[in-house]
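Okay, here's what each chain looks like letter by letter:
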Amino acid sequence: MTTLLRAENLVKIYHQHQPDEVRAVRDVSVAVQSGEVLVLRGPSGSGKTSLLSLLGCMARPTSGRLFFADQDVTRLPEHFLAGIRQQSFGFIFQQFNLVRELSVIDNVLLPLYPTRLGFAEMKRRATEILAQLHIDQRRNFKVAQLSGGEQQRVAIARALINHPPLIIADEPTAHLDSQLAAQLMEILTELHQAGKTLIIASHDPFVCDHPLISRRLNLHDGRLQEPGA
Amino acid sequence: MTPSLKILDYALASLLRRKYKHLALLAVYTLTVAVLASVLFMTQSLRQEAEALLSTAPALVVQKLVGGRHDLIAEDYAAQIRTLPGVRGVEARIWGYYYDSLYGVNLTLLGWTSAQGETLELLRGQLPQQPGDCALGAGVAQTYGVEIDDSLVLVDQRNQSRIFRVSGIFSSDSQLLTQDLLVLGNADLRAFFEIPTGLAVDLAVQVYNPREIATLAAKIRQQLPATRPIARSEILHSYRTVFNWRSGMILSLLLTALLAFAILAWDRASGLGAAEKHEIGILKALGWTTSDVLQLKFWEGLCLSLTAFILGTLGGWIQVYQFGGGLLRPFFSGWSVLFPQFDLYPALSFYELASLGALTIFPYLVCTLVPAWKNAVSDPDAVMRS
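Taken in order, these protein sequences are the chains called V and W. Count along the first sequence from 1, then add 55; that gives the number in the working numbering. Count along the second sequence from 1, then add 30; that gives the number in the working numbering.
If you're looking for bench data, these hints aren't it; they were derived computationally from the structure. Virtual Cβ for every residue (Gly too), placed ideally from N, Cα, C. Any given hint might turn out to be false.
What the hints assert, rightly or not - Chain W residues, not near chain V, derived (Cβ > 10 Å throughout): (1) 65; (2) 110; (3) 160; (4) 185; (5) 221.
Claimed, not checked - DEER-style ranges, computed between Cβ atoms: (6) W:43 to V:130: 30 to 40 Å; (7) V:264 to W:57: 53 to 63 Å; (8) V:263 to W:57: 53 to 63 Å; (9) V:189 to W:344: 47 to 57 Å; (10) W:403 to V:73: 17 to 27 Å.
What the hints assert, rightly or not - Looking from chain W toward chain V, a few residues come up when the C-beta cut is under 10 Å (computed): (11) 31; (12) 32; (13) 36; (14) 37; (15) 39; (16) 40; (17) 44; (18) 48; (19) 308; (20) 311; (21) 312; (22) 316; (23) 321; (24) 326; (25) 407; (26) 409.
Extracted from the complex, chain V is given alone in its bound form:
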């Protein structure tokens, strides 16, 4: 297995040198191997989402370094990071983060607008993924009309549309009942079998203890308690 993502002594401080300064991530070093399923677990406020933001190139660390496919991306210009997010990462957000006024298919197409793909190819891909996730019959529905489980699947379809090698999911079962959570884990299992690398932040025991998970990291107050364990 090759190392897909490597973090060295990552620190993230919000509102630095201000009265409301928050040290969200403290000196985290971690390496994510290609094809593994990594869970970041910890209570609310432990820094899981902040660490996911750093690993997903959505925020810059206050200090430390981040390598993606052996390339130091810590200080890359914004448009390079956007390119990495666009080509290599698929994000499944805790709140789904769908554009409510858009239809299912339009939401799924969003990552492909800045690419050179034609509309026909974009729609072909979206239709294919929506069919895989059994949501294609709702393709023209506004997402506001969908149930929580259906919205979750739309969010997953959007995360997969650009064929990313790495999927980052933040509390993916937070808004799902046990049945939907089980369905989600089945989907994640299929993704893993398809060769995707998964990083999941969760404090849901159902996710953390799922057989799919290959490695668990505990976060507490922004620190890894069992680094690399």
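Let chain V serve as the given structure and place chain W on it in line with the hints.
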């Protein structure tokens, strides 16, 4: 397909998604452009009208001043002016203003001279040939409802009715001339206004070389100190100045409206709704760059501002040329003076249109792009926490 085209497609869809909000903004924006366009069109048309009117005027007019006021001038002065080198001809003109309270119109009565025949295009009949004849502008004929050979009754200086036979109806490049000009024989007009023989209202001077007008005017002033020579270009300059000044005044007032609109646009953009901010965050998280987001906002702004510009300009055009600029006319023509009613001829200047575009589209784009940029440069991780 290039990303830019796809982002344009997304921008159009985005405008339609929030259609009520954007329609409201478009309405205010269009109204602002329409008012500004009306001012520009009106100014341009009035300047053009003044130029058409003065194209028929003599190159130089000599008036007599008494106590700083315009007075009747001795026709003998014409002979003295005629001796100056460069003068082609001098004609004593009889003319005056006539207010008809019955019709509520203000007419210019002009004594017919040979020179006048060159500038008026006769539609029917002929210019006055016999005593008691008159020729009217087409607009005047329409106002009085008269045709060739009909009688026209005017009240003279002694409050006595005089009957004139309509011998001709003419038109002119200038709407003002056709709407307020009435041509009589010189003798008839002299009697009408009781202008003594040997005196005239002013002297019209024709010159060989238009570039020598200023020199000639200086010589006339030197030889005849009680006179005031006025060059056609000076009158034209005065008209332009007046219209530009009035237009400038109105535009200054309207700039307040424009500023208010800019503040509205800024407020709209900087106070991006939570949904819009959230959408920007999502797009960035999904791999859109800051410039992609700015491009999206640019297309949105450009589509909206171009639509408002086109609709507003069209609205201004219709207001001025279909409805006679009724809303703005009093600002330009004043309230205390009776002016003849006349139609404005369309006058389109690329420079004016470009100025209008620069004045309305550019500020809107800046007002929307700057706040959008402030949102777009932030890290997308905010969306992770929403």
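Out of the numbered hints, which ones does the structure contradict? Every hint satisfied by this model.
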